[in-house]
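Number of protein chains: 2
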Amino acid sequence: MSHPFDEAVALKSLGEGRYAGATSPAYWNMAGPFGGVTAAVLLRAVLNEPARRGRPLAQTVNFCAAIAQGAFEIAVRLVRDGRSTQHWNVELTQGEVVAATASIVTGPSRETWSHLPASPPSMPPAADLPPMPTEGRPGWLGRYEMRFERGAAQPGEARPDAPASAESRLWIRDVPARPLDYPALAALADAFVVRILQVRGDVPPVATVTLSTYFTADEAEMAAQADRPLIGVAGARIFRHGFNDQSAELWSDAGALLAVSHQLVWFKA
Amino acid sequence: MSHPFDEAVALKSLGEGRYAGATSPAYWNMAGPFGGVTAAVLLRAVLNEPARRGRPLAQTVNFCAAIAQGAFEIAVRLVRDGRSTQHWNVELTQGEVVAATASIVTGPSRETWSHLPASPPSMPPAADLPPMPTEGRPGWLGRYEMRFERGAAQPGEARPDAPASAESRLWIRDVPARPLDYPALAALADAFVVRILQVRGDVPPVATVTLSTYFTADEAEMAAQADRPLIGVAGARIFRHGFNDQSAELWSDAGALLAVSHQLVWFKA
Numbered sequence: 001m002s003h004p005f006d007e008a009v010a011l012k013s014l015g016e017g018r019y020a021g022a023t024s025p026a027y028w029n030m031a032g033p034f035g036g037v038t039a040a041v042l043l044r045a046v047l048n049e050p051a052r053r054g055r056p057l058a059q060t061v062n063f064c065a066a067i068a069q070g071a072f073e074i075a076v077r078l079v080r081d082g083r084s085t086q087h088w089n090v091e092l093t094q095g096e097v098v099a100a101t102a103s104i105v106t107g108p109s110r111e112t113w114s115h116l117p118a119s120p121p122s123m124p125p126a127a128d129l130p131p132m133p134t135e136g137r138p139g140w141l142g143r144y145e146m147r148f149e150r151g152a153a154q155p156g157e158a159r160p161d162a163p164a165s166a167e168s169r170l171w172i173r174d175v176p177a178r179p180l181d182y183p184a185l186a187a188l189a190d191a192f193v194v195r196i197l198q199v200r201g202d203v204p205p206v207a208t209v210t211l212s213t214y215f216t217a218d219e220a221e222m223a224a225q226a227d228r229p230l231i232g233v234a235g236a237r238i239f240r241h242g243f244n245d246q247s248a249e250l251w252s253d254a255g256a257l258l259a260v261s262h263q264l265v266w267f268k269a
Numbered sequence: 001m002s003h004p005f006d007e008a009v010a011l012k013s014l015g016e017g018r019y020a021g022a023t024s025p026a027y028w029n030m031a032g033p034f035g036g037v038t039a040a041v042l043l044r045a046v047l048n049e050p051a052r053r054g055r056p057l058a059q060t061v062n063f064c065a066a067i068a069q070g071a072f073e074i075a076v077r078l079v080r081d082g083r084s085t086q087h088w089n090v091e092l093t094q095g096e097v098v099a100a101t102a103s104i105v106t107g108p109s110r111e112t113w114s115h116l117p118a119s120p121p122s123m124p125p126a127a128d129l130p131p132m133p134t135e136g137r138p139g140w141l142g143r144y145e146m147r148f149e150r151g152a153a154q155p156g157e158a159r160p161d162a163p164a165s166a167e168s169r170l171w172i173r174d175v176p177a178r179p180l181d182y183p184a185l186a187a188l189a190d191a192f193v194v195r196i197l198q199v200r201g202d203v204p205p206v207a208t209v210t211l212s213t214y215f216t217a218d219e220a221e222m223a224a225q226a227d228r229p230l231i232g233v234a235g236a237r238i239f240r241h242g243f244n245d246q247s248a249e250l251w252s253d254a255g256a257l258l259a260v261s262h263q264l265v266w267f268k269a
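Residue numbers (the UniProt record's numbering), protein chains in the order written: chain A, 1 to 269; chain B, 1 to 269.
The hints are simulated quantities; they were obtained by calculation from the structure and are not laboratory data.
Where is the CB? At the ideal position from N, CA and C, for every residue including glycine.
There may be inaccurate statements among the hints.
[What the hints assert, rightly or not] Coverage of chain B stretches by chain A, computed from C-beta distances (three or more under 8 Å per stretch; other residues unrestricted):
(1) 79–90
(2) 205–212
(3) 256–267
[To be verified] Example chain A residues on the side facing chain B (calculated, C-beta under 7 Å, incomplete):
(4) Ala65
(5) Ser114
(6) Pro163
(7) Val209
(8) Ser212
(9) Tyr214
(10) Arg237
Can you make the complete structure from the sequences, with help from the hints?
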């Protein structure tokens with residue numbers, strides 16, 4: 001039986017950089033697909049390209065319009081085939097509407113000087129923390145097991161005039177458990193409950209506008225991680241003028257930084 | 001006499017979303033234009049579009065190929081004209097080569113609930129800190145006055161096996177002083193001396209691969225700031241596999257967060 005994530009990012013080749021896919025009910029959010037699964041399927045399209053060399057290094061997804069339930073097409077274009085990197089542009093369309101665009105950078109892994117100024121948070125074992133209940137919440141949340149050490153969204157507890165901390169720390173993995181790969185990592189990089197819920201205690205209409213993920217994991221680190229939970233850290237710097245930012249880190253349980261992501265989120269409140 | 005920055009981002013309309021520009025010797029880096037001025041000219045093109053509504057909210061620039069000295073063309077496409085946001089794609093070409101691409105989100109400013117979890121660093125007055133000498137260094141550095149409170153790049157002092165902190169805090173403004181606007185802010189968001197120099201004490205070949213900037217300043221905040229120095233904070237989480245990340249904040253001297261930027265940098269070392 002295939003994993004619902006693999007079904008959600010499955011693409012059929014239409015030839016010449018064109019693919020057909022469809023939204024997945026398993027990853028539905030309130031008014032469209034969970035953004036992370038859209039990021040993942042755009043990355044999947046580039047990974048499917050025969051001309052692609054190396055692994056994903058960076059991806060920026062722009063969420064241009066609501067994605068409706070059902071079929072979509074993806075068009076991939078290799079903008080620049082350089083020595084160190086390839087630059088790809090990707091568009092997801094439904095009929096005449098461009099619903100999402102992405103720029104994706106790929107390149108071969110090289111061993112170089114390395115240094116890790118950042119450090120993972122100290123976390124209790126995942127099994128010591130209860131999983132967040134997902135009953136009655138948007139469907140995609142049931143596709144992730146989230147065990148919060150701090151910063152669990154507590155609907156109704158915070159108030160706009162007494163905002164809670166914007167930081168969350170949690171163990172997170174796919175449900176059912178699934179070995180880590182780049183599309184899954186792309187989705188996990190967006191799988192933090194929206195900051196405004198945690199900070200204010202309510203969920204106004206929200207939508208990610210643009211999401212950038214830097215993939216710092218190599219294949220060996222992901223193979224070593226397998227399907228065990230990752231450590232996630234997320235925070236925000238500012239909520240203003242109808243937008244907030246969000247930055248997040250994904251760490252392996254062995255202390256390797258696997259991905260860093262940043263996004264700008266629209267909110268109506 | 002016009003400011004060298006305005007000369008560097010000047011564009012001539014070629015009609016229908018097409019523009020002609022040229023690189024500026026005043027903003028030359030070691031092997032191409034300073035990336036910030038490329039970001040600025042791509043933003044300038046979108047701001048010039050008659051259909052553009054509102055202010056810049058977010059920009060991702062992908063540096064695909066070296067930009068040669070001389071003329072370039074920019075093509076702008078409105079991918080999606082939504083109610084809250086407009087999504088633009090931009091390409092900078094020299095002949096057949098796509099040297100840079102960008103996605104830019106614009107939208108009207110709205111007053112909403114606001115909250116600032118981040119805070120600016122405590123800084124001594126700019127006049128109490130000496131400006132970084134720029135003689136003998138790439139030309140674009142002479143176009144910025146940088147007064148470091150900490151994390152000034154000290155060529156030759158650090159070693160790969162004893163890396164210095166990746167964090168810098170500084171006062172920064174254009175030289176000559178120039179009232180702040182969005183193109184200038186886009187350039188300032190990239191105007192941090194490369195982290196690897198500060199951390200290792202040397203400069204291997206480096207190049208920004210992708211740069212995302214979230215513009216959190218409204219017009220009134222920029223007008224209030226005028227041409228006084230901004231506070232800049234920059235850091236990095238990881239150097240590995242030939243890439244490092246960089247995150248930066250730009251603050252007004254009144255404590256307003258004006259922009260947040262993130263980038264992935266290629267290095268050869």
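Each hint, compared with the structure:
| no. | hint | verdict |
| --- | --- | --- |
| 1 | 79–90 | holds (count 7) |
| 2 | 205–212 | holds (count 3) |
| 3 | 256–267 | holds (count 6) |
| 4 | Ala65 | holds (6 Å) |
| 5 | Ser114 | holds (4 Å) |
| 6 | Pro163 | holds (5 Å) |
| 7 | Val209 | holds (6 Å) |
| 8 | Ser212 | holds (5 Å) |
| 9 | Tyr214 | holds (5 Å) |
| 10 | Arg237 | holds (4 Å) |
Comparing the model with each numbered hint stated earlier shows that all of them hold.
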